[in-house]
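Chemist: Below, each chain spelled out in residue letters.
Protein chains: 2
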Amino acid sequence: MPNNYRSYLAENRNRNLEELKALLKIESISALSAHKKDIHTAAEWIQNALQTAGLENVRIMPTDGNPIVYADWLHAECAPTALIYGHYDVQPVDPLNLWQTPPFEPDIRDEKIYARGSTDDKGQIFMHIKAIQALLETEGKLPVNVKFCIEGEEEIGSPNLESFVEKNSDLLSADVLVISDTPMLEKGKPAICYGLRGLCAMQIDVKGAKGDLHSGIYGGGVQNPLHALSAILASLHDEEGRVAVEGFYDKVVPLTEEERQAFRDLHYSEEHVKKELGITELYGEKGYTFLERTWGRPTLEINGMYGGFEGEGIKTVLPAEAHAKLSCRLVGNQEPVEIQQLIEEHVKRHTPPGVEVTFTRMDKGRPFTTPYDHPVIQAAMRAYQSAYEVTPALTRMGGSIPIVEAFGRILRLPVVLMGFGLPGENFHAPNEHFHLENYDKGLLTICEYWKELAKTEIS
Amino acid sequence: MPNNYRSYLAENRNRNLEELKALLKIESISALSAHKKDIHTAAEWIQNALQTAGLENVRIMPTDGNPIVYADWLHAECAPTALIYGHYDVQPVDPLNLWQTPPFEPDIRDEKIYARGSTDDKGQIFMHIKAIQALLETEGKLPVNVKFCIEGEEEIGSPNLESFVEKNSDLLSADVLVISDTPMLEKGKPAICYGLRGLCAMQIDVKGAKGDLHSGIYGGGVQNPLHALSAILASLHDEEGRVAVEGFYDKVVPLTEEERQAFRDLHYSEEHVKKELGITELYGEKGYTFLERTWGRPTLEINGMYGGFEGEGIKTVLPAEAHAKLSCRLVGNQEPVEIQQLIEEHVKRHTPPGVEVTFTRMDKGRPFTTPYDHPVIQAAMRAYQSAYEVTPALTRMGGSIPIVEAFGRILRLPVVLMGFGLPGENFHAPNEHFHLENYDKGLLTICEYWKELAKTEIS
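Here the protein sequences line up with chains A and B, keeping their order. Residue 627 in our numbering is what sits at position 207 of the first sequence, and the numbering runs on without skipping anything. Residue 831 in our numbering is what sits at position 411 of the second sequence, and the numbering runs on without skipping anything.
Just so you know, these hints were derived from the structure itself, not from any lab. Incorrect hints may appear among the rest.
No copy is singled out in the list; a pair is fine if it fits within one copy or between any two copies.
Distance condition first, Cα-Cα at most 27 Å in a straight line; then the derived BS3-like pairs of lysine-lysine [claimed, not checked]: (1) K875 with K609; (2) K768 with K627; (3) K627 with K694; (4) K456 with K587; (5) K607 with K871; (6) K706 with K694; (7) K607 with K457; (8) K587 with K861; (9) K457 with K695; (10) K875 with K695; (11) K695 with K627.
All chains should be built: construct the whole structure from the sequences, respecting the hints.
Modeler: This is the structure in structure tokens:
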């Protein structure tokens, strides 16, 4: 037995990476019902890994949707209890032709592991499991009590997790919630995130004639659903990049001057973002920097739109239908359901004559912030300092983990968001990958965090 | 041998319909390169049918694209020569799930034949071949000389036909061009069309970042190509249904009061159109009726748009690309290339910051009109009167057969558009069909036309 977790992790690195590859091979896409079986395969894989790691009470718990994997280790008397949340489901993979290697055939090249889920979030829940295993195998015990709650519906908005947490609030009760699903600031600059944007999503369906029409025979004489949808979507923003939905900003909490100064002090390079994305200019709400726009301001994005002919060449069709999918990121006190309502009212007001519009409301989650001077966050800062040998940045984030706000509200606990992915690692896009440097340092950070947390007084 | 073509056609009806089904089974979609082989199969099928009918000099002539089938019968001394044009290629069939029976498995039900191409245009070129066969088999000769020119690229804008006609102007020379690819006014109301709209088509591609982005991380901070495309497309029309592209209407020839009155005299039912299409209101350029909008006014229609996620549920992606396909119908002296240029300039002026836009110009064809008092049209009116026992309407049409204008210009001949399809027969849409009533009466009309044309003095 190696005499400490650092040498244990080094010695078992190859074996662990092979195990991670096995997890990444499972096509657990929650958005597509065809992958239901893969979802269960992934849950069972996680269950086995938790058992192997030495966790106890390991079980797959059903919900109305995909199951949740629970486990705990509760033998650290008088020490705090940490609840670790993550998700084993992944995003869809299209457009498939843009992947350099297939999304479910993990490939390590240039010290990065490429696969759907490598960073979001399979790679990071795997690290949490392996950190526990390293401590138990080298020290025989943990410095704190831990509970795992790993779900399978995060990428579709966690529709069943909130009620699960409500029903199982005793089982899940803890002193701190730890989540690794947020990115670092950039390479070599780890970050602890104290705020997340909320989310609400919806689909807009525009219906014209009862069937597709010939654009020669009918063109100019009936409303074209694609024209109507374009007009609707164009009406959602003004020319200064602001969301034009009436009332959209009413419950936004403005960024404070102190926060804006803290963001500026990060010396975040907008030039670097442009280079990384291959674009010549950034764009967004007038009067705000890129970090302010993406961390602290709400947004409305069209995620997909489609209608009519998409094949090669032209088809002179006037289609019967047009569709758009959109989602908002929310901040402050914006309520997802209220925002969906405002958008529906706006769209109805901006629908041209001759078509019918219907709505399907989808994912939602409230925005979240936590005070960054909380002792559980300060303990995390020391853990990062030890593993990375730099002081981590305190950041907010543009993404949403809708359940964070719900966990905090229902279980009344502070949340520490300590993620190890990098912004350019193609979350939700082709060629998702995870830098092994952060996989290795992240494992050390997590182990150190349990030691630092054990020394912390949580009020 | 039956003693006249009417009884011949009646006696051979079933055999002919079985032959038509065989032609309709060939998946000769010109827009999709995967169907190249089917295109050649269709050309060979037409060649064989022309030979069987008794035509001479039958041959498949190559072009830079799909081949053209030529045939003639030139033994009617001192009689006029008619050139018959049609096309053996068909439109794509998506969305496939909306077809009640598969598009390439012809099905006769309720006295209609359902299949892609049944009315546009395989069914109608088949009638021309069978009309010749009926006359030759019952009378041993034709009252006029005929030439066939059947192409395979009409549905993609006939890119090679114009140069083919130029190179073969002697071979194709004639006194009148006859085409059956335009619709009747409505059931029981046949029509001879004296004007067609022109066409130009293009694709607009909007490019943002070099890959798809996570809408949480980047949403609000970079331009979303779907937002940019929506804004661009919405800018193409004003709120009164007019095309907002600067200069678009400059070369439109206004409808005369005489023409508008003639349209009104057709007592065309807008209520009927609404009912047929399942819509509650018509929509288009303010100040014009449905017939005026679709027959005599230009239009710009988006035929397809797509970008981002189209699957089940939501994917919080900020896509790298967005695409639109659009086409215009043109009238008067609008030049397709000039209109494409005007649209490109307009789009460039209306492209929001943060994205790049590129264009692909596609199909084009000039608008066309012919004087409706021409003797070849008057002969057609008598033929219809004989077969349908009603006076046919003189109409214009919203669709485009781009080569009509080119034929007229290059070969200097008048054009007679005598089509037998009905407006509700789903040209270019799922469940395309052709009423057998018009198949039968159309065959008689064509036979009568050759007899009437033989009596006509063409200046």
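Chemist: Among all the numbered hints in the text so far, which are the ones the structure does not match?
Modeler: Violated hints (numbers, rising): 7, 8, 9 and 10; every other hint is consistent with the structure.
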